[in-house]
Amino acid sequence: MFSDIARKFCQVFNLFCCVHVFHAHVGQLHYVVGPSMFPTLNATGDLLFLERFSVRFQKVNVGDIVVACSPENPRVLICKRVLAVEGDSISVLPEPYAQDAAKNVLIPKGHVWLQGDDPYKSRDSRHYGPVPYALLQGKVQLRIWPPHSWKKF
Amino acid sequence: MAEPLWFLAKRSAAAAMICITFTDIVGNFATIQGNSMQPTLQQGHKDFISLLKGDVVFYEKISAPAYKYCRGDVVVLRSPTDPDQLMVKRLIAMQGDWVNVPGSHEIHQIPKGRCWVEGDNGNLSLDSRNFGPIPLGLVKGRVTIKVWPPHRIGRVERVLPEGQVMFTDIT
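Order-wise, the sequence lines are chains Y and A.
Residues 1 to 153 in the numbering used here are what the first sequence lists, from first letter to last.
Residues 1001 to 1171 in the numbering used here are what the second sequence lists, from first letter to last.
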């Protein structure tokens, strides 16, 4: 009887390890809520599938939507679009209302510029500066839920 | 005929999953390269024989998800300038603290969500004095013990340099 329990425990443990390896190294599901990426993502919540390979092998490009650890609170994840990578120089409007106050920012080595699609509702690199690349968790590939708005990004 | 091979493949895959899970969740070993943490940690050199003289440390990742680090811990972090590189530095100050940059009269207040890291060997260390406070999300683990070479086995202590940091009560 104990060997049965031990065998079951080993199977469950192995399953846990496989699920962890998939979650940490291949792809993850995240439920993302918030208005900062409107209209691309719904403010009321979307279930997104992220893949980790692009981030791991530094294949994140300008225009990709990524999920990252917030530089202001590492326990919080943020979902934004990459507008510039290291070495790029972009023109930034600190306030979307003030069109004539644009300034140029050169993205330092190892950093990216993240910005939400809705500039009026998003707290992003315009507020906390370029974000180190190592904070990126994954690149958003699919929207799975709500089912009528299934989409590949 | 193929059964022993299949059995071996299954067992190897299971063992690999367990090892990867352990190194992701519990902790991992690291060899020290570079002199920035001397004398606490010594580096190995490029050729194989000298590599054996370098320190090997174990760093734990259990405190990583909750970011429960203390001032004075030696931590492993991803470099802000090169995402493929891991660095080992001492965590000197947390968010809200005021830190005095050694060798100058500047003081910085650490913004929300960031921390200040420095190497013990100030002359040779590329750290927060060069790239400023870094997001706490870059810290990946805490170095707890040195496991090699045998005469240097022991705990890596939590030490805070005197007179450099003024704390606030924000944790």
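Don't take each hint at face value.
[Said to hold, decoys possible] In silico lysine-lysine, BS3-like type, Cα no more than 25 Å apart, as pairs: (1) Y:121 with A:1053; (2) A:1053 with Y:109; (3) Y:109 with Y:59; (4) Y:59 with A:1140; (5) A:1112 with A:1010; (6) A:1053 with A:1010; (7) Y:8 with A:1010; (8) A:1010 with A:1068; (9) A:1146 with A:1061; (10) A:1061 with A:1112; (11) Y:8 with Y:103; (12) A:1140 with A:1068; (13) Y:109 with A:1146; (14) Y:121 with Y:103; (15) A:1112 with A:1146.
Please keep in mind that the hints were generated in silico from the structure rather than gathered at the bench.
Note that the structure is a prediction, hence the values are computed from the model and not measured.
Next on the checklist: Could you work out which of the previously given hints the structure breaks and list their numbers from low to high?
Outcome noted: As far as the earlier hints go, 1, 2, 5, 6, 8, 11, 13, 15 are violated by this structure, in ascending order.
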